[in-house]
Amino acid sequence: MRARQKTVLFAVILIAASFIYLMFLGMEEGSMYYLEVSEFFGRLDELGQTKVRINGEIVPGSLNYDTNKMKLEFSLKDINGSQELKVVYNGTPPDLLEEEGVTLVAEGSYNKKRGIFEAKKLLVKCPSKYEKKEEDA
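Here our numbering runs 106 ahead of the position in the sequence shown, where the first position is 1.
Note that these hints are calculated values from the structure, not bench results. Here a beta-carbon is modelled for each residue, glycine too, at the ideal position from N, C-alpha and C. Check each hint, because a few of them may be wrong.
[Unchecked claim] Pairs of lysine-lysine, DSBU-like flavour, derived with a Cα cap of 30 angstroms:
| # | residue 1 | residue 2 |
| --- | --- | --- |
| 1 | 227 | 157 |
| 2 | 177 | 112 |
| 3 | 112 | 183 |
| 4 | 175 | 192 |
| 5 | 157 | 218 |
| 6 | 183 | 157 |
| 7 | 112 | 157 |
| 8 | 157 | 226 |
| 9 | 192 | 218 |
| 10 | 157 | 175 |
[Stated by the list, open to error] FRET-style restraints, in silico, Cβ to Cβ:
| # | residue 1 | residue 2 | range |
| --- | --- | --- | --- |
| 11 | 130 | 192 | 53 to 61 angstroms |
| 12 | 114 | 197 | 37 to 45 angstroms |
| 13 | 229 | 128 | 18 to 26 angstroms |
My request is simple: use the sequences and hints to build the entire structure.
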């Protein structure tokens with residue numbers, strides 16, 4: 107083989123290997139399902155500080171956003187449950203997170219020392235039925 111053919115072959119192999127690596131990386135992240143708050147507390151010892159997704163409803167009155175620190179704090183609970191999980195997220199909150207009681211999925215890990223779930227990503231679930239907002243007169 108000539109030097110040019112070796113270079114092209116090496117480039118093709120490198121691109122194929124990169125593509126396969128990214129494909130497996132995406133499958134690993136996409137295969138992570140979410141836990142309900144009560145499931146999470148039931149498996150807390152087993153999970154440790156593993157990255158997980160937790161599904162829940164924002165507890166009314168718990169939503170607090172500090173614009174100076176860009177820190178969002180709230181509590182999640184099961185839709186039919188009573189256990190609450192305190193969540194902290196650093197960054198700009200999602201657009202649809204404008205009112206309490208919305209359902210969302212928080213992805214991150216639990217900090218046992220602080221007793222909080224440190225979210226790295228927030229995904230607000232869209233309502234199944236949109237209703238027109240009442241306008242103030």
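Verification of the hints:
no. : hint                          : result
1   : 227 - 157                     : holds (11 angstroms)
2   : 177 - 112                     : violated (52 angstroms)
3   : 112 - 183                     : violated (58 angstroms)
4   : 175 - 192                     : holds (18 angstroms)
5   : 157 - 218                     : holds (13 angstroms)
6   : 183 - 157                     : holds (19 angstroms)
7   : 112 - 157                     : violated (42 angstroms)
8   : 157 - 226                     : holds (9 angstroms)
9   : 192 - 218                     : holds (12 angstroms)
10  : 157 - 175                     : holds (24 angstroms)
11  : 130 - 192: 53 to 61 angstroms : violated (34 angstroms)
12  : 114 - 197: 37 to 45 angstroms : holds (43 angstroms)
13  : 229 - 128: 18 to 26 angstroms : holds (21 angstroms)
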